[in-house]
Each structure stands twice: as structure tokens, then as C-alpha cells.
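Engineer: Those protein sequence lines, which keep their order, are chains A and B. For the first sequence, the working numbering gives the first residue as 750, with consecutive numbering after it. For the second sequence, the working numbering gives the first residue as 750, with consecutive numbering after it.
Watch out, some of these pointers could steer you wrong.
Note that the list lumps identical chains together, so a pair holds whenever it fits in one copy or between two copies.
Stated by the list, open to error - Derived lysine-lysine pairs resembling BS3-like cross-links, with alpha carbons at most 30 angstroms apart: (1) Lys796 / Lys757; (2) Lys810 / Lys761; (3) Lys861 / Lys796; (4) Lys936 / Lys900; (5) Lys761 / Lys940; (6) Lys936 / Lys903; (7) Lys757 / Lys903; (8) Lys757 / Lys900; (9) Lys757 / Lys940.
Simulated from the structure, these hints should not be mistaken for lab results. In this text the structure is predicted, and so the values were computed from the model without any measurement.
2 protein chains.
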Amino acid sequence: MNEREFLKQYDKTAFDQPIFSVDNVVFTVANGGLEVLLVQRAEHPFKGHWGLPGGFVDLQKDLTLDDTALRKIREKAGVEPDYIEQLETLGSSQRDPRDWSITTVFTALISKQRCVPTDENVSSANWFPVTTLSELQLAFDHLEIIERALKRLKNRATYSLVPCALLGETFTLAELQHVHELILGKKLEAKAFRRRVENSEQFEETGGMTSGRGRPAAYYRLRPGAMGFEFVRSV
Amino acid sequence: MNEREFLKQYDKTAFDQPIFSVDNVVFTVANGGLEVLLVQRAEHPFKGHWGLPGGFVDLQKDLTLDDTALRKIREKAGVEPDYIEQLETLGSSQRDPRDWSITTVFTALISKQRCVPTDENVSSANWFPVTTLSELQLAFDHLEIIERALKRLKNRATYSLVPCALLGETFTLAELQHVHELILGKKLEAKAFRRRVENSEQFEETGGMTSGRGRPAAYYRLRPGAMGFEFVRSV
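Work out the full structure: start from the sequences and follow the hints.
Structural biologist: Next comes the structure, spelled out in C-alpha cells:
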């Protein structure tokens with residue numbers, strides 16, 4: 750039998766395979782804190798519980814795993830995220846009452862101002878402060894998954910520019926510092942933070958300035974292609 | 750319908766799911782260079798080609814995804830690796846001629862002296878220098894996967910102790926430095942390397958010394974629980 754004949758008669762259902770899904774931990778900054786997007790489950794298992802936006806690969810629509818993650822976020826949040834990366838894949842016989850189950854987890858960042866729910870599916874979606882999640886009964890191992898994503902985000906905040914994806918397209922240095930502080934849960938020294946941002950050479954001034962009370966502050970934006978850049982020293 | 754009734758009638762085959770597998774990039778150091786473990790494929794697709802040791806989850810035998818990875822390495826290399834970590838998960842409609850396919854990739858390190866093939870399955874397995882892989886026709890996207898694993902290993906070698914898993918249980922500082930140099934593809938300064946190892950406080954002298962020609966060198970081993978430690982500064 751040659752390969753073409755083999756492929757013709759190949760029946761993937763002859764092998765007992767685990768359930769495979771994608772889950773997204775989508776963070777935003779709102780109401781003075783970090784928030785995560787959750788969806789109330791319409792179906793068993795964990796019907797009525799809050800869980801991460803995710804689901805199965807659509808073998809017709811999705812060309813890659815990234816497509817699945819982005820499609821699921823679009824369906825639930827109404828927009829594309831400003832930043833997305835794969836966190837890790839978790840699989841075990843215990844995490845899903847249906848069967849042996851695997852989930853590939855993505856972490857996404859989205860600026861709240863862009864995130865306006867646009868279709869009906871979204872009515873079941875809501876943002877929750879990460880500090881109040883223990884009061885909800887989350888589906889599956891989703892609380893643990895969020896904690897792991899948060900740990901990675903904190904890590905990123907010490908040595909990368911990634912958290913700026915939580916802001917709009919333009920922002921002041923004070924706003925950027927504030928986002929890093931929210932994620933890290935501690936105050937940073939303004940002078941040292943400014944020096945690191947400038948040394949990174951990955952931001953440029955837009956020319957615009959804040960107006961209103963106090964000293965005007967310059968607006969910055971990322972230089973094209975700067976995403977993913979790492980600070981030379983951690984903050 | 751309550752959750753118990755739902756689970757009773759749930760049929761996972763009603764959803765068209767991708768093929769899911771695990772692949773391992775297992776590195777060792779031998780013959781003065783970095784080598785990777787490959788297995789000659791006994792079946793289509795890519796029959797007769799060399800590919801990464803991996804396979805399907807065994808829903809009865811494996812409790813977690815890590816179990817699948819370790820089982821596959823045991824089956825092909827005859828031993829447990831000295832270090833293993835998840836690299837990433839790749840999925841697309843194109844990477845496998847059978848169907849939409851997903852693979853979770855693990856990177857493992859093994860010291861060559863421990864790696865003696867022990868059973869019949871292993872006859873099809875062989876170690877290849879990473880510098881000669883382009884001469885082989887590898888199955889699927891396995892060449893690209895190895896390149897991604899190599900990039901991660903290089904990264905680890907700049908800021909972690911992970912590469913010492915390629916040596917035996919005890920080693921001299923010169924041997925440890927040599928392994929870092931092999932991975933990084935450049936010479937390191939001996940004094941600075943020794944200082945970083947000592948500053949890490951993660952190694953201890955065994956009390957033994959090399960014998961033979963030249964000045965005797967002390968044997969070191971990892972302190973218990975030291976694995977995963979990161980250097981304060983990269984090498």
C-alpha cells in the first residue's frame with residue numbers, strides 16, 4: 750500500500766482520542782484594576798458557571814490553532830485582541846467530566862476602550878476583576894489557568910513592553926507605568942521607569958500633549974514592529 | 750436534563766475533532782556535539798522517513814499529557830530523560846496529510862551514558878548530530894520543530910542551569926562550560942563562567958577529583974531541588 754492508498758482508507762475515528770479545545774485568558778485594565786473576560790456556560794458540563802472564552806477547533810474555518818483562539822475571542826469580545834501569545838497546553842484524564850481532555854491556553858491583552866460587545870453571543874460575556882474570582886465558581890480548572898496566565902503576565906511586565914497592549918494606541922509614560930504597577934502589584938520609581946522606556950528605543954512621541962490641570966505630558970506610541978521587545982534590564 | 754444525564758448521553762465523536770499527538774525533541778551530547786533522537790517511521794504517512802519520537806495519548810495508560818511524553822521517550826530511548834519541559838503546541842490543517850493535526854511538543858535532555866536502548870522497539874531509533882539534519886528528509890514539520898526547540902535550548906543556556914542535565918550526575922566545571930559552549934556555539938570566558946556558577950549557589954562539590962594528566966579538577970553535582978534555577982545574569 751502506498752501513501753496515497755493509505756490516506757484514502759485512513760479512519761481517524763479508529764483511534765480513541767482525547768477531547769481537544771482552546772481556552773483564552775483575555776485581560777484588560779478597567780475600573781482601576783486588571784480584569785478578565787468570562788462567559789457564562791449555556792450548556793453542560795458546568796452549565797450556568799462562568800468559564801474562559803474558548804471552544805473546539807472548527808476544521809473548516811480555522812487554518813491554524815491561532816485562528817481558533819482569535820475566532821473565539823472575536824465571538825465573545827467582539828474584537829481582535831491587541832496582543833496574544835500561547836501560554837501552555839494542559840491535558841489530563843481528570844479536568845473534564847466528559848472525557849480525557851486537552852486545552853491549549855492563550856493569553857490575550859485588549860484595551861478596554863476597543864472592547865465593545867457587538868453581537869448577541871456576547872450577552873453572556875462579562876469582565877471580572879481578577880481579585881474577585883475566588884467568589885465565583887469557575888468551570889473546570891479555569892481558576893488555576895487564570896492564575897498561571899497572571900503569573901506569566903507579571904513575568905512579562907518585569908522585562909517586556911507587552912503590557913502596553915492594555916492601553917490604547919497612544920498613552921503617557923505615567924499611564925504605561927501605572928499599568929505595569931497594576932500587574933506587578935507594587936509601585937515603581939518614575940525616573941528609573943522612564944529611563945528604561947527611553948533606553949528601549951521602542952516608543953516614539955506622537956507630538957500630542959495632554960491638556961487639563963497639571964503639567965502637560967507627552968503622548969507616546971509603540972514604534973512599528975516593536976512588540977515583543979524586551980527591556981535590557983528588568984523593572 | 751441535569752449534568753449527570755448529559756454526561757451519560759454525551760458522544761464526543763459527534764464533533765469533528767483534529768488529530769492530536771505529542772512529539773519529543775530529545776537532546777544529548779555525544780561525539781563532541783549536540784545530537785537529537787529520531788525514529789524511523791514504520792507506517793504511513795512519511796513511511797521510512799526519520800521523525801521525532803512521539804505518538805497519541807493512551808487514554809487508559811496516561812493520566813496527564815506529561816505522562817504521554819515520558820512514556821514515548823521511555824519506549825524509544827529506554828530511559829526517563831534527566832529534564833523535560835513543554836515547548837509549545839502547533840496545530841494546522843496543513844502539517845499532516847491525514848487531517849487537521851495538533852502536536853504538543855516537549856524538549857527533553859538526557860545524558861548519553863544513561864541512554865542505552867533496552868528493548869526491541871528501539872532498533873528503529875538513532876541519534877543524529879543536529880548539524881546534519883538537513884541531509885535527512887524528516888517527516889512532517891519535524892525539522893522546523895527541532896529548530897524551534899534548539900532556539901529555546903540556546904535561550905535556556907544563557908540564563909539557566911538546565912544544560913547540566915546533559916551531563917552525568919557529577920561533572921567538572923570545564924565539562925559544564927563545554928556543554929554551554931556547544932549549545933551556544935561560542936567560547937565562554939572560564940573565570941566569568943566559574944563565578945556565575947558559584948554565585949548561583951546551586952552546585953556543590955562531591956569531594957571527588959579528576960585523576961590523570963594535568964591539574965586535578967573538582968567534581969560537582971546539582972544541589973537537591975536546584976533544577977530550573979536561573980542565573981542572576983546571563984552568560
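Engineer: When the structure is checked against the list of hints, which entries are broken? Sort them ascending.
Structural biologist: When the structure is compared with the hints, numbers 5, 7, 8 and 9 turn out to be violated.
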